[in-house]
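**Q** Chain by chain, the residues:
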Amino acid sequence: MKRKKIQRKREIGGATPKFYEVFARQTSDDPLTHVGSIEAPNDALAEVRAWYIHDEHEWRELCVVPTAAIIAVTERGKNVKIKEV
Amino acid sequence: MRFSLDGLDGATRTAFENDLFAIADSKFVLGNWYARCILNGRSLPDFAALTAMTGAAYGHTRSLWQYLVNFGHNYGWIERGRDATGIRSMNMLDGPPADWADFIATTWLAEQATWMAVSGYLYCPDRALAGLAEKIGEETYFHLKYAEGWMEIMSESAADTRAFAKAMEKRYPLALAWLAGAKGSDALKKAGLRNITNTKLTKAFAAEIEQGAAWAVKKSALSGSPPKMPGWIDAHRRAAPLPDALFEAIRFRDPEAAH
Amino acid sequence: MATRIKEDAFDEAAELALQHRVKAGYVIEDEEEMTPRYRDVVTNTMHIAADLEIMTLPVYHPSLLEAPTLEDRIAVAAAIQDELGHAQVMYRMLEDFGYDTVELLFERDPSEFRTFYMIEYPHHDYIECCVAMLLGDRAGYTTTRDLEENCSFGPYARSLRKVNFEEQWHVGHGERWVKFFWNHSPETRKRVQENVDFYFPMAAMWFGVPDRMKTRTDQLSYKIRGASNDEMRQRWLAEVVPYCEEVGIDIPAHFDKEKNEYVLDYEPPILLNEETGKWDYTTVTWEEKFAQWRKGGSNKIPALKRLQGECWGKEFWKEGWE
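Protein chains in written order, with my numbering: chain A, 6 to 90; chain B, 460 to 718; chain C, 1104 to 1425.
Looking at chain A on its own, in the form it has when it is part of the complex (with noise of 0.2 Å):
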């Protein structure tokens, strides 16, 4: 067994990770929702993660956005990435 030497590059897109929000909706009056922030290099991944770690309901629409394209209007807190609901 060898040690396993994650590429922080290729593998979760930079020193630091690439991350993306997740938005869904149950049914179709619902409105799109924010339901939670995913880690991933790319947009195959990011797909995929956000469908099984957010597993918790059948979504009628379920969707993901680079956090980067996130334009903040307003700033709240030291972070201004979108917080959980």
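Think of the hints as simulated: they come from the structure by calculation, not from any bench. What you are looking at is a predicted structure, and each value in this text was computed from that prediction instead of being measured. Keep in mind that a hint or two might mislead.
[Unchecked claim] Simulated pairs of lysine-lysine, PhoX-like, Cα-Cα distance not exceeding 25 Å: (1) K648/B to K662/B; (2) K9/A to K604/B; (3) K642/B to K629/B; (4) K9/A to K1417/C; (5) K1421/C to K10/A.
[To be verified] Quick list of simulated restraints, FRET-style, between CB atoms: (6) C68/A to A587/B: 31 to 37 Å; (7) D693/B to P1345/C: 57 to 63 Å; (8) D1133/C to V70/A: 21 to 27 Å; (9) V70/A to A587/B: 37 to 43 Å; (10) P1139/C to A704/B: 52 to 58 Å; (11) G1275/C to K10/A: 37 to 43 Å; (12) K10/A to Q1271/C: 37 to 43 Å; (13) I76/A to P686/B: 53 to 59 Å.
The beta carbon of each residue, even a glycine, is placed where N, CA and C say it ideally should be.
Use these hints to put chains B and C onto chain A, whose structure you have.
**A** Coordinates of chains B and C only, in the frame set by chain A:
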């Protein structure tokens, strides 16, 4: 009119049963691949994804094995009564993964191959099987995405790309042998059970693989025709019994607790 | 580096003020609202929770491979997937506080993981897994229910809604299957009893030392939690004792009518004889108990080393059943 196996002639019924066993048993071994690879996961989300894929593969296996009871088998026998000569998984999954690239390449090929085989039943007159095919399709989407995500990561390293190409060259011919080796399955299209001939299905698989692996492997490097395998059993779509180490790893133990 | 700045009266006042506010029901949503000590206490709590969750993976894994039917393997996979989801939530929150998950999981020395004795032994088979769910998941669930209800750090409390929903299922699963195996055959009944004998004292000590011994009360002061160690232990016993009595499982605890509470039949602390795998019910000193906890269960280091390593080729098929 409700679908019934009784309406099928002997040869078609046998081809149908053989096809389903080949898919189900391959899914079972694939589930074991995922189960044993969980601890090799390279991130926390990876651990979660591999565990989820284990559960999904085993779930598909169970549904298909339950369907096979319709052919007159006892479920307990299907699940726990067969030995290494009776398990009909694809030869491609016999040898353990040599490294992470081999794991991704092989599971990707196995997902693509089993999905190609299952997708032929999406419009099957047996709505139960058609529904199962649809569900397998929905879940396979994510298993394939997982492999694609990892391929993107590996494409950024020359060493990983080489390892993936090496694995593809070793494994791909065996996947082709499994698909192409479905003897008598054109009877399934004739009987209206499946909407595609085996030749078309195999060609579609080859096209999908060539495109998906193009980042690492030249089309010419992937073998055009399936290899001839000594000890090939038509009905089982595999050569030789399961290797001992594999059978020992996948079989159900603890009969005292079985129920 | 400069010597630590002594806390002055102003800082101490700020800490007390925060304690009053959270006790009055104030919920903290942001790190900016935290005093240094509050931040220490809550991140320490979350850190332990995160490490406990990830530890469940290598511990449950052998039972995934050994489960006797396909249905059982699927159930174990589902349980592990839930725990990994919980781990995900915890480590993600720690990242907001500046922690690095890659470092925590894959680069940190295994001995630095903050786990509990009960989660440092592998589940060799499905019966052991179900007993662990019955006793251990229930212990964790007792803690997380208290946290969801009381924790003054909003994001943490809310994250436990999903956790508690899933833990309730694990406990129920454990109850259903322990009862099943108790009644399935004399052999499986014996195995259930052996596993309960092994895990019961560990699960009882999940909640830590008796209240009279606790010197630091920060978690309660900052309302990170609501109940004390003994109170949570009581809640756990109030569920475990009636269940075991109803099924017929022998456990070293009962309801004391005079004291009007559940009591252990032995005086903690007691030590596990690591060679025989049996508990010695002679009361020892807390120093001896702490030493056993510090040494850790036999599986702790190997399990974490496996998580940090990779296994391919022939070895890939060999794990778990050899």
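**Q** Could you work out which of the previously given hints the structure breaks and list their numbers from low to high?
**A** Of the numbered hints, all hold.
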